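**Student:** Here's the letter readout for the chains.
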Amino acid sequence: MQPHELSLAAAADAIRARKLSPVELVDSVLDRIEKAEPHLKAYVTVTAEQARLAAREAEQEVAAGRLHGPLHGIPMGLKDLIDVADAATTASSRVRADHRAETDSTVAARLTAAGAVLVGKTHTHEFAYGLTTPQTNNAWDQDRVAGGSSGGSAVAVAAGTATFTLGTDTGGSIRVPSALNGVVGLKPTYGLVPRHGITSLSWSLDHVGPITRTVEDAALVLTALAGHDPRDPASLATSAADYRPGAGTDLTGLRVGVPRNYYFDHVDPEVEAAVRRAIAELETLGARLVEVEIPMTRFIQATQWGLMVPEATAYHERTLRAVPELYQADVRILLEAGELMPAGDYLRAQRSRTLMRQAWARLLEEVDVIAAPTVPAAAAKADQSTLTWPDGTVEGVSDAYVRLSAPANITGVPSLSVPVGHDTTGLPIGMQLLGRPLGEPTLLRAGHAYEQTQPARRLAAA
Amino acid sequence: MSAAELTPPEAALWADRAGLPLRADRHAAVAATANHIHSVVAVLRELDFGDTPPAAAYRAGEEKNDAAA
Numbered sequence: 001m002q003p004h005e006l007s008l009a010a011a012a013d014a015i016r017a018r019k020l021s022p023v024e025l026v027d028s029v030l031d032r033i034e035k036a037e038p039h040l041k042a043y044v045t046v047t048a049e050q051a052r053l054a055a056r057e058a059e060q061e062v063a064a065g066r067l068h069g070p071l072h073g074i075p076m077g078l079k080d081l082i083d084v085a086d087a088a089t090t091a092s093s094r095v096r097a098d099h100r101a102e103t104d105s106t107v108a109a110r111l112t113a114a115g116a117v118l119v120g121k122t123h124t125h126e127f128a129y130g131l132t133t134p135q136t137n138n139a140w141d142q143d144r145v146a147g148g149s150s151g152g153s154a155v156a157v158a159a160g161t162a163t164f165t166l167g168t169d170t171g172g173s174i175r176v177p178s179a180l181n182g183v184v185g186l187k188p189t190y191g192l193v194p195r196h197g198i199t200s201l202s203w204s205l206d207h208v209g210p211i212t213r214t215v216e217d218a219a220l221v222l223t224a225l226a227g228h229d230p231r232d233p234a235s236l237a238t239s240a241a242d243y244r245p246g247a248g249t250d251l252t253g254l255r256v257g258v259p260r261n262y263y264f265d266h267v268d269p270e271v272e273a274a275v276r277r278a279i280a281e282l283e284t285l286g287a288r289l290v291e292v293e294i295p296m297t298r299f300i301q302a303t304q305w306g307l308m309v310p311e312a313t314a315y316h317e318r319t320l321r322a323v324p325e326l327y328q329a330d331v332r333i334l335l336e337a338g339e340l341m342p343a344g345d346y347l348r349a350q351r352s353r354t355l356m357r358q359a360w361a362r363l364l365e366e367v368d369v370i371a372a373p374t375v376p377a378a379a380a381k382a383d384q385s386t387l388t389w390p391d392g393t394v395e396g397v398s399d400a401y402v403r404l405s406a407p408a409n410i411t412g413v414p415s416l417s418v419p420v421g422h423d424t425t426g427l428p429i430g431m432q433l434l435g436r437p438l439g440e441p442t443l444l445r446a447g448h449a450y451e452q453t454q455p456a457r458r459l460a461a462a
Numbered sequence: 001m002s003a004a005e006l007t008p009p010e011a012a013l014w015a016d017r018a019g020l021p022l023r024a025d026r027h028a029a030v031a032a033t034a035n036h037i038h039s040v041v042a043v044l045r046e047l048d049f050g051d052t053p054p055a056a057a058y059r060a061g062e063e064k065n066d067a068a069a
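Keeping their order, the protein sequence lines are chains A and B. Each residue of the first sequence is one higher than the last, beginning at 1 in full-length UniProt numbering. Each residue of the second sequence is one higher than the last, beginning at 1 in full-length UniProt numbering.
Since the hints were made in silico from the structure, they are not lab data. In this text the structure is predicted, and so the values were computed from the model without any measurement. Glycine included, C-beta positions come from ideal geometry on N, C-alpha and C. One should not assume that every hint holds.
[Stated by the list, open to error] A few chain B residues that face chain A, going by a derived Cβ cut-off under 7 Å, partial list only: (1) 30; (2) 37; (3) 43; (4) 49.
[What the hints assert, rightly or not] In silico negatives: residues of chain A with every beta carbon more than 12 Å from chain B: (5) 28; (6) 65; (7) 227; (8) 326.
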């Protein structure tokens, strides 16, 4: 096994035992980037030289007995919405051609302090306002979409061109590409991981979190990321925690909610079958399955759009007037049309969110976790704009990808996407586990237990 | 087209009022997208909000009636 194929946890163990040096690991990942990146186009920028320098420093620290923790010497990619001092944060947009970040975002600073080594900035759907990331190819089939908006981040982890990455998630943008590329994605509780220094799409829906090869890896990254930062007004006053799940797979007593409505409606039969098999596996591990009713489903898309559309337009107010032609057509039209939404619609969406949060809080008194598909179908063809369901309903690909993700953005509950197999054409399928606010330990425990029962996953050949 | 839908000239006027003058070749596309967004969001008018406050800023995990504070 090459170092770039290792999970974060395995690489960290090898570095701690001095069986692997950060230099070997970073070189292996950079070699992999050289080979795979021409086909994948996951990166906006690869910072090979700085990465090699940082790896040498990390190696020297290991030799001197100064190990920073499990992220020490681990190669990472950051979605190019995340500020890194002295580097451009392009948001994969021509609007940001001359950008330069003055300081690190909170998450970049925390990961650097934990010893992680930046190998590059990954592609996003322009300004995170879309679900496909058209610049980047799916790691398993180059003719298919990467998913988005954190497409580059998910593809890099799936193909071994980063050991872990960060993504952002406003309507599924961590979980959707994670599911479509067969990797783990965690959208944490709203406010758990500070967003200071991250380009916003929609302040009241934005989250930042890890994309990794295993659930355990996601827990290790979350441990380094979580914690209060007053510069993010939504930041929660939580104390430091170790999120690494225990080794046990016993889920006795865990109540897993299985939705009877919404999450299995208009879902591809192969996706449904894979997710139901995974839910049955949770039951085998001791969990108790409880049928649940998802509340207020008629209002999910309306609430998501009512919040996101005007907030995104507000963020781009100046540049939309100064350089509208520099935006891609799909993003520009949404930003322009957002100017026409009355404040009353925005307030109704905010009030609807209050009701939805209350209803979900009641729902999450009945169960500890809700298990559901992450996305209703595997990765679409790159030129495909709609999905047609058996009852004749035609749905936009992006609408379908947001549909099952949005409730966790609106309510702020955490959601963990875990790979649960591949369809008959070889495309990955994801299951999401949703929990109570700050219920990450429960999600990580359940996801990790499930993973222990499955064969180790391989990298995408790319 | 329902009476509530904006025509391209109306969309141009609304955008102008919002401080975003649009070139003539943008009017029809912006009207169509704005009308689509409106059709999605208008569903929220079915809800009876009573005294429900907006969740403009909130702390996840704190389920209180004054969550907007």
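**Student:** Beyond 12 Å on every Cβ pair: is that true for residue 326 (chain A) relative to chain B?
**Tutor:** holds, 15 Å
**Student:** Given residue 43 (chain B) was flagged as interface, is its beta-carbon under 7 Å from a beta-carbon of chain A?
**Tutor:** Because about 4 Å separates residue 43 (chain B) from the closest Cβ in chain A, which is inside the 7 Å limit, the hint holds.
**Student:** Holds or violated: residue 30 (chain B) as interface residue toward chain A, Cβ cutoff 7 Å?
**Tutor:** With Cβ-Cβ at 5 Å, under 7 Å, it holds.
**Student:** Let me know if the C-beta of residue 49 (chain B) comes in closer than 7 Å to any C-beta of chain A, holds or violated.
**Tutor:** Constraint on residue 49 (chain B) satisfied, holds at 5 Å.
**Student:** Does residue 65 (chain A) sit more than 12 Å from chain B, CB to CB?
**Tutor:** Given that every Cβ of chain B is farther than 12 Å from that of residue 65 (chain A), nearest at about 40 Å, it holds.
**Student:** For residue 227 (chain A), is the shortest beta carbon distance to chain B beyond 12 Å?
**Tutor:** At roughly 15 Å from the nearest Cβ of chain B, residue 227 (chain A) sits farther out than 12 Å, so the non-interface label holds.
**Student:** Beyond 12 Å from chain B, beta-carbon-wise, is residue 28 (chain A)?
**Tutor:** holds, 39 Å
**Student:** Could you check if residue 37 (chain B) really has its C-beta closer than 7 Å to a C-beta on chain A?
**Tutor:** Check passed: Cβ of residue 37 (chain B) comes within 6 Å of chain A, closer than 7 Å.
Consistency note: the structure conflicts with none of the earlier hints.
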